[in-house]
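A.B. asks: Single-letter residue listing:
Protein chains: 2
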Amino acid sequence: MNTDHFSFTADTTSSGVIQHDFTMGEVTGALWSPESGAEHAPLVLMGHGGGNHRKSPAMVGRAQLLVIQGGFHVAVIDAPGHGGRPRTAYDESEIAAMQQAMASGEPVGEIVVRYNAHLAERAVPEWRAALDALQKLPEIGADGPVGYYGLNMGTAIGVPLTAVEPRITAAVFGLHWPEALAEYARRITVPIEYALQWDDEYIPRASGLALFDAFASKEKSLHVNSGAHKELPRFEAESAVRFFARHLVREVPTPA
Amino acid sequence: MNTDHFSFTADTTSSGVIQHDFTMGEVTGALWSPESGAEHAPLVLMGHGGGNHRKSPAMVGRAQLLVIQGGFHVAVIDAPGHGGRPRTAYDESEIAAMQQAMASGEPVGEIVVRYNAHLAERAVPEWRAALDALQKLPEIGADGPVGYYGLNMGTAIGVPLTAVEPRITAAVFGLHWPEALAEYARRITVPIEYALQWDDEYIPRASGLALFDAFASKEKSLHVNSGAHKELPRFEAESAVRFFARHLVREVPTPA
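Residue numbers (my numbering), protein chains in the order written: chain A, 493 to 748; chain B, 493 to 748.
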């Protein structure tokens, strides 16, 4: 992927946060930055969930927290087939299979695992090229720490990405199955925080715990909360900001 | 227990925190309060670990965090046989059994569970009387919210206490076995946060998860961290402050 095609397409500023839209070839993305004082601040890459896109409410909300509370740059790219990006015939058939399983109350795990693994194969090289391009921006630079934050499909893409991308030095994941991801998790040694829902109607408890267990990271934390798959408490987003503050901001020791 | 015997024995003030020692009959305790602005602030009861006492470094450190960051009152009482309180012959024999098991590398779980359950029977009525007395102090009062925070033996005493004490409306526990506590946990419905260590050399993972699972609370969170029994990260103390801020301070909505 040629990062020379990287270009900003729109900018807005609100509450001290600058939001840039960007394109990189056919990939669409968004970058949030502090309005001031962000010279070579750490960069957090965020992966959105399935059926969502770079500027879904969860992405915008978490980006604003990370910029305002953490002083980070935050970048999201649309996954293949998401956020207006074209879908292949295979995308359409897998999405139809998921929708049919959910409508009929059948288990969707196997389809999600298989389709997300396919999307990860397409998304990982896009993420690496996007990171190349973002690190060429003067306000980011190639020397700052990089984190990754993604739940659901954002974990399905982020775990294989973090396994192969040495620039990512801390990551927050959650809400996925181990079948396609445990083999990548076993190659990840950077600090991680992992979230799972104790009453997840899609992901069995043992599956979530098995994926957390697979990470080879010496420092890892698991945050379990009561509630169904979609009921992850919003305070976990603030926990992620503090996690990145502990692991990406080396010059400011955390109080303890 | 007659709460008329409650009296303060020493006061010190440092960094905006007032520390009172108190006695209540044969029970020794400590109360930490904000130097100003604590009129009817929430009260957090803290239970210390086995072999420790009301002013061990963990208690003092957590009390200061809760007072400074949360604006709470914090009270600790010495468990029976701890902090200079007299030991019975049974105390001596159980402590000797634990020390012998640890010295010979044998499992200590069964002895800890049994002895801590015994201590809880003696400590629960002491805690309830201490709470009666503390709520008579003008700066605390009987109308403020009350939380409980205790790990290890502090959980062995706190879970039975919270099960029978309706004034406790939120609790942080961790690092114990389910055998004696699950039956009490099933009667607890207030929000809880529970901590366990993923590589605990004394408490099997399944045991820690089983105790967390037993709480009947609709809102409950589990924080797992990599590392051995004694390696609980210090940032979990700050998480406890935020937990009590969410659940005991009703008038200040948490940002999310």
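Don't read these hints as lab results, they were simulated from the structure.
Hints are not guaranteed to be accurate.
Computed Cβ-Cβ distance ranges for the label pairs, DEER-style [to be verified]:
1) A/720 - B/630: 41 to 49 Å
2) A/628 - B/681: 39 to 47 Å
3) B/597 - A/614: 23 to 31 Å
4) A/584 - B/721: 49 to 57 Å
5) B/721 - A/693: 43 to 51 Å
6) B/582 - A/720: 56 to 64 Å
7) A/595 - B/721: 44 to 52 Å
8) A/499 - B/708: 49 to 57 Å
9) B/697 - A/590: 26 to 34 Å
10) B/697 - A/497: 42 to 50 Å
11) A/543 - B/633: 46 to 54 Å
12) B/696 - A/601: 25 to 33 Å
13) B/606 - A/696: 27 to 35 Å
Keep in mind that this is a model prediction, so the values were computed, not measured.
Even for Gly, the Cβ is constructed at its ideal location relative to N, Cα and C.
A.B. asks: Which constraints among the numbered hints does this structure fail? Numbers only, ascending.
C.D. replies: 2, 3, 5 and 6
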